[in-house]
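Protein chains: 2
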Amino acid sequence: MIESIDPEIDAGRFPCKRIAGDTLDVTAAIFTDGHDLLTAVLRHRRAGAENWNETRMQPLGNDRWHARFVVEEIGRYEYGIVAWRDEFGTWRQGLSRKVDAGLEVHSELLEGAAIVAAAAARSTDRDDARTLEKAANRLAAGGDPALRLETALSVALSDTMDRHPDRVAEAHGARVLAVEVERERAGFGAWYEFFPRSCAPQPGRHGTFADARARLRHAAAMGFDVVYLPPIHPIGTTFRKGPNNAPVSAAGDPGSPWAIGAADGGHCAVHTELGSLADFDRFVAEARELGLEVALDVAFQCSPDHPWVREHPDWFRHRPDGSIQYAENPPKKYQDVFPLDFECEDWRGLWQALLDVFRFWIAHGVTIFRVDNPHTKPFAFWEWAIAELRAQHSECIFLAEAFTRPRIVQYLAKAGFSQSYTYFTWRNTKHELQTYLQDLHEPASQETLRPNFFANTPDINPEFLQFGGRAAFQIRLVLAATLTGSYGIYGPPYELCIADRGAGAEDYQDSEKYQLRQWNLQAPGNIIAFVQRINAIRRDQPNPWRGSLRFLPIDCDDLIAYLRTGKTREEVMLVVVNLSPHHAASGWLEIPLEELGLDPDHTFQMHDLLGGATFLWQGPRNYVALDPASSPAHVFRVRRRLRTERDFDYYL
Amino acid sequence: MIESIDPEIDAGRFPCKRIAGDTLDVTAAIFTDGHDLLTAVLRHRRAGAENWNETRMQPLGNDRWHARFVVEEIGRYEYGIVAWRDEFGTWRQGLSRKVDAGLEVHSELLEGAAIVAAAAARSTDRDDARTLEKAANRLAAGGDPALRLETALSVALSDTMDRHPDRVAEAHGARVLAVEVERERAGFGAWYEFFPRSCAPQPGRHGTFADARARLRHAAAMGFDVVYLPPIHPIGTTFRKGPNNAPVSAAGDPGSPWAIGAADGGHCAVHTELGSLADFDRFVAEARELGLEVALDVAFQCSPDHPWVREHPDWFRHRPDGSIQYAENPPKKYQDVFPLDFECEDWRGLWQALLDVFRFWIAHGVTIFRVDNPHTKPFAFWEWAIAELRAQHSECIFLAEAFTRPRIVQYLAKAGFSQSYTYFTWRNTKHELQTYLQDLHEPASQETLRPNFFANTPDINPEFLQFGGRAAFQIRLVLAATLTGSYGIYGPPYELCIADRGAGAEDYQDSEKYQLRQWNLQAPGNIIAFVQRINAIRRDQPNPWRGSLRFLPIDCDDLIAYLRTGKTREEVMLVVVNLSPHHAASGWLEIPLEELGLDPDHTFQMHDLLGGATFLWQGPRNYVALDPASSPAHVFRVRRRLRTERDFDYYL
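Order-wise, the sequence lines are chains A and B. Heads up: the first sequence runs through residues 1 to 652, numbered per the numbering used here. Heads up: the second sequence runs through residues 1 to 652, numbered per the numbering used here.
Source of the hints: derived by calculation from the structure; they are not laboratory data. Not one of these hints is a red herring.
Because identical chains share one entry, a pair is satisfied inside a single copy or across any pair of copies.
DSSO-like mimics (lysine-lysine), calculated; alpha carbons at most 30 Å apart, straight line:
{"id": "1", "residue 1": "K134", "residue 2": "K98"}
{"id": "2", "residue 1": "K98", "residue 2": "K332"}
{"id": "3", "residue 1": "K567", "residue 2": "K430"}
{"id": "4", "residue 1": "K98", "residue 2": "K333"}
Make a model of the complete structure from these sequences and hints.
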């Protein structure tokens, strides 16, 4: 019986996820009736391959077994468990017990001879076959019992027998399971979102891709990995929105980039004022030279001026009066946006066209896609589209912007999205953060949902930032960047600490969504150097930030403390954050010395990579004080004392 | 999407379990992409029936839904979940919001008219069809908008539409699930095990079924539900064991009843010294008259003298020297017992013969079987055999005596056994008991494994009883009888408080397994009246004892306290036991007043059904003191104060 395989998502309906180079640890309950010993193997292969690789599983006790394999390459692997009764091992164990008890074992040796002879007959290795035949003959022969026992119980025979087990009655786990392996950026990366149209050096001019290259350098200097652009396509004019989401626009208002499509084209065109497709290609190339990847926003909706409205009116829902149904959330109307009808008669044609949108941009060097509101489109579309794209472009990464209920967020992650927007933006207190992070680390989430913690977005100007001042921006940045592998900010407002509230509770005043802005990157009070430092810490040692997370007790409600551990115990970071942007806070922190390999009797160094200071600590309880006026956080590397004092460098 | 259905055992591989008359509560996560409202139904039917019964599910929040159904009859039921988009409800909600916002809704009313007209066309009920047609016409017509809206938003229309949903695109849970429903005795009963051969009134004579009738009356008087007999078949003479498991027997030694089979017959015969098959039938009938059921021991193994050894030597494993392999656990040999080879060539013949053993005894009025060591026979045999037997005799109950590792115990329960022996016998301290009971109430166990807590067996003379004296017997009896629905004792040693230790750590001295004993049921110090009282309490109100279990805080390590609750809050019992047989213990008990419906400002009565005393308590913390010298336990019924004082009986 092979039961309770872990990981196994929804009875094998979905794959679990890993990053290339990661290890997949698999456990299962494996047992049989009777008293026979078992052999179990974990097998794995690239999906589509014919042959399996097998790894012996080891018993953990109480019928739980374990083995692991490394997923070297991007793509899908399959895995499963196979087990069988170990006839020879069972016989050998019984024989050994009888010998120990001084019993006569002539008959047992004859039974063993038959088992070994059968293995000899099975063996396809001629040397092993000969060895086993000889052993079988020796067991079956009369003569010196001591000599026969020596053969029977020898490690050499055991090892040879192990290579030729009788697997005719082997048992298989009920289902072949899968793991989807992606590249590192799927699980680790710092994202910087900005509007290219606000990059012109002259006030009032529409920014271009050429202008935006300076912003690329700015993002690269801050140490980001991904720059993510809101939609870059032609913007509709019908019902175009004015500044601050005004229902009517004036001449010259640029409109919302999410009202996609105009006479110039739709999802496969570039907004003329940003430049040409060739300009975009140059922009992508320059980003690559700076170590940045460009992520595009995929928003499957159309302005009334989108070419598809004319070419494929059947792809939209029509009202009884013949007009096309615009987006709405009663009483709100979004007349500048037509949703696509994914269930229209010609859904195959529509779905193929949408897939081709991805393919178009992949051909232009984009492999990271941030998908707008995927939860308002059919789950089946995403599962199909992502699988189709991955089959040809396994390097593609998909971020789901589904601000909706947890089950739906989770489902989209299972259905194929590499990463997910989360509720992090609204989790501020210690209790909220700890509870939410624990939810994300529950088995159901942890194997399939990779969070991307955005500290703000053009749509979400969090109240915490509106009222917390500069320290608030630092606090939320540290949390976003150290609680998960992927995080992002929408800049330059973020690094300039700008959070003026617009009409809605979480709107930005004079939002770039509806107008051009100009940003002074030298403005006093900015946290550019702080962002730089955080990203440098992350890049220096990536694994802990997408590794395991453990909150530590600290006796102050404003202080939150956690350990992040990478693939080994050496890859450990300890973060302490003061969650109050207004007050200094202090408390006693408890750290698990033994787990960290620290000697309770010796001092150890805590090196704050953020502030640069080093603290000498000893024992499990140590004092921490953080004043948001200077720095609201420590990001510690633990330096263990080395036992040798041959040289001065005795901290590791 | 329909996910995370609960209960669902191993992706539907096994049924969950209930008792006839129980409710099956089913929850699931149900959601869809987009913003449409959903309708979900839980459907169920008798297995094999064509039509489903449907129950509307209710949302619990965050996409979790719930419904329940009552399993009225013994046998298997199937259940599953179906959900679909509620087109009319979604439309109605949108309309309502627009009306509230004062928007113009002409187009919306036309859309609604189309939805209602489609339902009219679908309706097979002519009255409903006419009603819907009229409503559709009213919505589509011009004229007074207020009147049209009144129709559109009316509860009457909503109710009628609800009866004719468009289920063309309904979604089904991935698997049809099953629940196995058994009779009450599968989950609730007090068992009394005894050896008929020790029932003779004269010392040294072999007891008969006729003699054993006195013991039936004794068991009935103590309030037991089931009497369970060790094997009653002819006992082999070859390698017959002598008293206290001596390897050699003297003439006249009766041998072990588990060495089954002799010249007189095998598993379908009665040991001649016990009487004839007709005597056994009379014994079963008399038991029935006394309100007792007879359970038989099914031990699928043979003495060397069993007829099958001669008739079907191929059903046994042979050693290289041609002899039949006896049972062994090196260095121990059990030469009086041959295991059957369930995987022999003629396994079909053997399995059928074993099935026929059950059928034979069912024909003689036995429907409860205690199966000896099921884990040393193939799981597949039990799954097949129990299903075959249940198909014709759904009243059959199977108790698995698998003293082995947890996964295997659990698997046998899933594969079909109604009840399972447990580790209760070795759980003595508060921590051990609480941890073990919590394990048994974990989802994986709770839905499939029904414990039967035996306080002792002929094989297990627990150390706690060996050294604890009379109070120890009372303590373990109360625990066994009040912690689970089914429990048992092996008597008369239990009620006579006899626990003299034999050679092995848990053997009985002069065990009845190997010799005849005589018991004086009037011996001083017996706890017969105590057993009577406990069984009377259980019978008086069965549901709490197989209902939910919750441990309560009590500030004394020797005291354990728990609530048992039946189908309603009224069916609640509170048990407090002193786990020390040696010392008096006292402590403050915390009880959840609100949950029990108790007013913190008024006294309430705690009526000890065991001791007869009544305590007046108030508030959440109350004092309990228990002296094992008088009684080691309270079994309280809570008597709530009634708000009326019209008569004297103001406690309920």
